[in-house]
Structures are given as C-alpha cells and as structure tokens.
Amino acid sequence: MRTLVLCLLAALSTTMSARQPTSLQSRMIVAEDGRAQSDAELATLRQGLTSRDPNVRQQAVRAMGRLERPDLIPPLTRSLGDANVNVRIEAANAVGQLAKGAEGVTQAKGRLLTRARVEQEPRAWGAVAATLGRLAYTTAADVEQVETALARVLPNKTSTVIQIDAVLGATEGLEALARQSGKISRLKPATLDGLRAAAVLEGRAQDADKMARIRRLATLALTAAGAATRPQLEAGIADADHEVRRLTMIAARADVEGREAVIARGLIDPHPQVRYEALQTWGRQLQKTSCEPVLKAVRDEDAHVVLLAIDLLGNGCPAPGPAIETVKTLAEGLASTPGAWHRAAHAVVSLAKLAPSEARARLPRFIGHDVWQVRMYAARAAGALASVEDLSRLGRDVHHNVREAAIGELVTLKRPEAAALALDALSSSDYQLVMTAARALSTADDRPAAVAALGKTFERIDGERKDTARDALNAIRDSLAKLGGPELPEPVRYSPAKQTFPADRLASLALARLRFTMAGRGSFELRLLPDLAPLTASHIATLAQEGYYNGLTFHRVAPNFVIQGGSPGANEYAGQGPYMRDEVGLVSHRRATVGISTRGRDTGDAQIFINLVDSPRLDHTYTVFAEVTSGMEVVDQILEGDVIERVDVISPKS
Numbered sequence: 004m005r006t007l008v009l010c011l012l013a014a015l016s017t018t019m020s021a022r023q024p025t026s027l028q029s030r031m032i033v034a035e036d037g038r039a040q041s042d043a044e045l046a047t048l049r050q051g052l053t054s055r056d057p058n059v060r061q062q063a064v065r066a067m068g069r070l071e072r073p074d075l076i077p078p079l080t081r082s083l084g085d086a087n088v089n090v091r092i093e094a095a096n097a098v099g100q101l102a103k104g105a106e107g108v109t110q111a112k113g114r115l116l117t118r119a120r121v122e123q124e125p126r127a128w129g130a131v132a133a134t135l136g137r138l139a140y141t142t143a144a145d146v147e148q149v150e151t152a153l154a155r156v157l158p159n160k161t162s163t164v165i166q167i168d169a170v171l172g173a174t175e176g177l178e179a180l181a182r183q184s185g186k187i188s189r190l191k192p193a194t195l196d197g198l199r200a201a202a203v204l205e206g207r208a209q210d211a212d213k214m215a216r217i218r219r220l221a222t223l224a225l226t227a228a229g230a231a232t233r234p235q236l237e238a239g240i241a242d243a244d245h246e247v248r249r250l251t252m253i254a255a256r257a258d259v260e261g262r263e264a265v266i267a268r269g270l271i272d273p274h275p276q277v278r279y280e281a282l283q284t285w286g287r288q289l290q291k292t293s294c295e296p297v298l299k300a301v302r303d304e305d306a307h308v309v310l311l312a313i314d315l316l317g318n319g320c321p322a323p324g325p326a327i328e329t330v331k332t333l334a335e336g337l338a339s340t341p342g343a344w345h346r347a348a349h350a351v352v353s354l355a356k357l358a359p360s361e362a363r364a365r366l367p368r369f370i371g372h373d374v375w376q377v378r379m380y381a382a383r384a385a386g387a388l389a390s391v392e393d394l395s396r397l398g399r400d401v402h403h404n405v406r407e408a409a410i411g412e413l414v415t416l417k418r419p420e421a422a423a424l425a426l427d428a429l430s431s432s433d434y435q436l437v438m439t440a441a442r443a444l445s446t447a448d449d450r451p452a453a454v455a456a457l458g459k460t461f462e463r464i465d466g467e468r469k470d471t472a473r474d475a476l477n478a479i480r481d482s483l484a485k486l487g488g489p490e491l492p493e494p495v496r497y498s499p500a501k502q503t504f505p506a507d508r509l510a511s512l513a514l515a516r517l518r519f520t521m522a523g524r525g526s527f528e529l530r531l532l533p534d535l536a537p538l539t540a541s542h543i544a545t546l547a548q549e550g551y552y553n554g555l556t557f558h559r560v561a562p563n564f565v566i567q568g569g570s571p572g573a574n575e576y577a578g579q580g581p582y583m584r585d586e587v588g589l590v591s592h593r594r595a596t597v598g599i600s601t602r603g604r605d606t607g608d609a610q611i612f613i614n615l616v617d618s619p620r621l622d623h624t625y626t627v628f629a630e631v632t633s634g635m636e637v638v639d640q641i642l643e644g645d646v647i648e649r650v651d652v653i654s655p656k657s
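In case it helps, my numbering puts the sequence shown at residues 4 to 657.
Hints are computed from structural coordinates only; laboratory data are not their basis. It cannot be assumed that every hint is accurate.
Unchecked claim - Now the in silico label distances, taken between C-beta atoms and shown as ranges: (1) Val495 / Glu237: 55 to 61 angstroms; (2) Val401 / Pro359: 35 to 41 angstroms; (3) Arg233 / Arg207: 28 to 34 angstroms; (4) Asp481 / Gly37: 29 to 35 angstroms; (5) Ile271 / Ala561: 19 to 25 angstroms; (6) Gly371 / Ile271: 36 to 42 angstroms; (7) Glu295 / Val121: 54 to 60 angstroms; (8) Arg604 / Arg649: 28 to 34 angstroms; (9) Gly371 / Val495: 52 to 58 angstroms; (10) Glu295 / Pro273: 17 to 23 angstroms.
In this text, a Cβ means the ideal position worked out from N, Cα and C, and glycines have one as well.
Construct the entire structure; sequences and hints are all you get.
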C-alpha cells in the first residue's frame, strides 16, 4: 500500500484508537492482511491471544475470526471465557465468522450455547445471542434449539426487570434467524409474543438508543416471520423513532386488517424516509385501487419521494388521465442544467409506459441531451417503447453507460441488432459494457464471429492483469460456454498482496477525518475507524489525499438504503484495483456508517457506500471503515450523478 502522508502530529489521544500500536499489533495487522497463510503469521495471531493486554487479545481474536477457518474454532473457545468482557464479545463474533460449512456451524453452535448458559454479563450474552441467530442452519432442530435459547430473555406480561443489552442481542439474533432460517422452521407463538412486547419496549432516557434499536429489530423480525398484526402496526406508526415508523411501513405490506389506515398515516409522516416507505408500500399493495396518494407525492418537498412517485405512476392507475398529464408536464420540463434532469428523465420513462405516442414525440430531446445520465434514461424509455432505431443510435453513444443501457434493452427485446452493437462494444475499456456485450453475443446468429470476438476480448482483458476485470472475464467465459466455444481458464486473482503497516499509522488514522465537498450541496465529514478496519481506512485515506475521488460521482442512489460512489466509470464494475481484503467485524451497518462495496469476498476497491438507514442484513458481509460525523443531512439529499467536488484529509483542528 502506498505511503499515507498525513500532517497529523498532534499529541496522541488517551483512547485506545489513538494510541501507538505495539510491534505485535502491527505484525498482527500484516498477518491478518495476508490471511495468516504461513505458520509464522498464524503463530503471530496465536501470540496475541495470550497477551496480557486485553486490547491486543481483542485484536488477535478479531483477526482470527476473519480467517473464516472452522479449524480455528477450538483455539478461540478459551477466549469466549476471557476475563475481559470486550474480548468475550469479540470472541463470540469471531466464532460465528469461523463457522463455515455444516461441521463449522455445528461446532460454533455448541460452543456458543455452552457459553450462553454461563455468561453473566448482558453485553457479552447479547453478542453470543446475536451470533447464534445468524449461523447458517440446515435443520429445524437446530433452529428451534437456538430460538429457545434466545427467546428466554424477551419481555413478557410478567416482566419487571429486563437486561437491555441481552434483549438487544436476542432481538438481533432472532431477526437474523427469522430472515435466514424462517423457511426451515417458523418462530413459535411464544417467541412472537415476546417480539411483539419488544417492539413497543420503552425505558429510561439514557437507554433510548438501545431501546429504539430493540424496537427496530423486533419489528424486522416480526416482518420476516410474517407475523405482523394490527396492534403492532398501529403502535409502530405512532412510535417516536422514525426508523420504527419506517419499518412499520414495510410490515404493512402484509395483508393485515386496518393496514390502509396505517399506510395513510405514513404518507403524511413528518419524516421523508417514512413517507418514502409508505409510498413504496402503497404502490406495491394499493395503487391498483387509487393513485391519489401517488399523485399527491409528486409535489412532496423531498426529491426522493417525488422521484419514486413519478416512477410509480408508470405502473398505471385506475384512472390514467391525471397520471399521463402529470408525467407529460414533468417530461416537458427537461432542463439543460446538469443537476436538474432527474424529474424529467424519470417522467419520460413512465410516460413511455403510459402513453407511448406522447413519449415518442418528446424522446428526441432526451436522446440528444448533453448530460449522459439523461441519455441513459432515454435508453430505458426507448426500451419501453421497443424503439429499435433509437436504441441502435444510443448503442453507439460516446458514453459507455448509455451504450450499455441501450444494448441491454435490445437484449431484453431479443433484437438481433444487439449483436452488431455488442461486437463493437467488446473493444471498450469499460467492464460493465463488455459484460452486457458478452451477454448479447451469447445468442448471436453468427456463432463463429461471436466466438472469435469473445476469445480475442478475453485475451486482451486478461492481459491487463486487473482484479476488477474478473466479472467481465467470467461473463465472456459464460457466453462462450453457451456458444459451444473453447473453455477458457478462470480469472487469476492478482492481489491483494501483503502490505506493510508502520507502527505510527494507526494513531495518525485515528485522528484523521475525510471531508467530502459535494458540488452544489455542501459537505459532510467521515471519522475513520482504524481499530476495526486499519488497512481499509488507510487505503481510502491515501486515495483521498491523492485526489482520487475529486470529480467522481455517487452513481447509485437507493433511497432508504444506501448511496454508492467512487467509481471512475460511474458504475458497479469500474473500480480502482487491486482488490482489498475484507475487514468485517462487530460494527453494525447502522445509519451513517460507511462501507466498502464488493462483488464477493475480498473484492473491495475504492467504491464506498453510506448507509441511509439501519441495514442489519449487510452485517458480517461488508466492511465498515468509517462513519459520518457531520453533514448527514447533505448525504440524505444526494441524487444520482451528484459530483464529489473534492475530498480533503483534515486534522481535528481544521
């Protein structure tokens, strides 16, 4: 990894994250990055397990968990009973990470259940419970055994005192259990009753955050179990926590008596994320009865709600006239200003579905627009219109994302024109475009030409020796297999290579912040988490200081989920190699945490995402390396294509 030059020579903080790491800790970081493939590296981690310093033991446990080797579960069992509670918490999570395969799950379940019987500290017990819930069970007996262990701490009608941290861990575990193992065994009625009690749990003001998290997780668990009830929905939409209200809108997608009134309350909620989710639910469940809430939402003060409403109108209404007039007016409002294209672009796609002739008359303005994202939406509209001529023109666009969208639409329409455009697209340096072109050629009429072109492209891209080319190479291999072409080797993993990590790097990173300045919107700041993800934090900070992110965009905006950016090609498959190792751990993907986008284990590069809401389903899969400490209101307003003007690495005094 390139040297990170940070002018952060302030006195070290008294917190652990800002201390100078020991030589052993630095060696453990390097050993973890190499996935401890040598005996010497594994010995380094084992040495850390026996350190007198609990911080070192905690780091060693975390590192061993990330190796994902079931044979390391026995050595970590002792750490489940460590004298330090933080080490025990880390050990519970690490055992879960090591539980790969049926044998690994069986081992981990047995050791964690044993620990749950004797653990007295609520936080540690909660960590054990959360880990037990997320293991990949294959039998109903396993699921029921774990459910029984977790449900015993849930509140009930006779509860007088509850252990908040234990209940928090239990609801986290039961949410994962219901979501991942619900098809194997459904939660018992008594457990559902406990979750319903947890979904309305209140407590002291100082416990408000934990109580809110319990209610959120309980609501998610009940939704995953298909056990929503009218009283739960009515209580949820009245909750003081907007995230509980938002999740209640998801729960209201179940066919529960009285849900329409609950959704209607969500549509006028003061928080835009609740209104967005309510509108999404109305569109899925009730739009066939009335489009009035959708038409009203077009005038919402929040841009994300407005764009969703425009999209939903394209799905049709009982009385189509007002919907057509609305999207016609919006489509006619297409502006030349770079940041003012979203409503018109979404509208023309909906118009193509509702009134094809009206859309055709307006489409040329979109096809010829200066902003490439507008032309990409034009391709989607042309696809809805089955306009082969327009798609063929857009398939030769100067921007790779426009070409990819157009060829993709022709493939969906099963048009032969896709093949000719795809042959030309194979010469592109954009891997997403190459992937779509390969898919288009998998059914080409001219099989010899397609096979030859795909083989030549594979050779060219393979010669570039880039980790980020893996998906494109695999797409070519798949298409050649369908065409009966030659069998090509699997892509080679060229990295990540082992890195050096100077002893003073951790302290410097702990003092650093990253300030993102967004063109026309303002700024937000990230605090790095080098204790938990040292190599990721260092890599991203290095790129930021070198100006890598300046001028790039947030190309993916998924309201009520994430925003994602940092791609030089403004798509999922254009990144900065080589790949990084994952550094997943205990930190949950809560709102304002920042993670690394991947396409499989250890495939992260420079693309980051910011969680707009709590997303526990991302936990233990994606690295969290930072959190937004200021400017989250700016993050909430970011739209697709918004430009990162610059990213500065700053000191606390800046």
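Hint check results:
Taking 55 to 61 angstroms as the suggested C-beta distance range, the pair Val495 and Glu237 conforms, at roughly 57 angstroms. Checked against the hint of 35 to 41 angstroms, the pair Val401 and Pro359 fails, with Cβ atoms roughly 27 angstroms apart. The hint said 28 to 34 angstroms for the Cβ distance between Arg233 and Arg207, and at roughly 29 angstroms that hint holds. A C-beta distance of roughly 31 angstroms is found between Asp481 and Gly37, which places it inside the suggested range of 29 to 35 angstroms.
Taking 19 to 25 angstroms as the suggested C-beta distance range, the pair Ile271 and Ala561 conforms, at roughly 24 angstroms. Between Gly371 and Ile271 the CB atoms are about 40 angstroms apart, so this pair conforms to the stated range of 36 to 42 angstroms. About 58 angstroms separates the C-beta atoms of Glu295 and Val121, a value consistent with the hinted range of 54 to 60 angstroms. At about 32 angstroms, the CB distance of Arg604 to Arg649 agrees with the hint of 28 to 34 angstroms.
Against the hinted window of 52 to 58 angstroms, the Cβ-Cβ separation of Gly371 and Val495 comes to about 43 angstroms, which falls outside the hint. One distance hint, 17 to 23 angstroms for the beta-carbon pair Glu295 and Pro273, holds here, with the actual separation near 20 angstroms.
Hint compliance for this structure: hints 2 and 9 are broken, all remaining hints hold.
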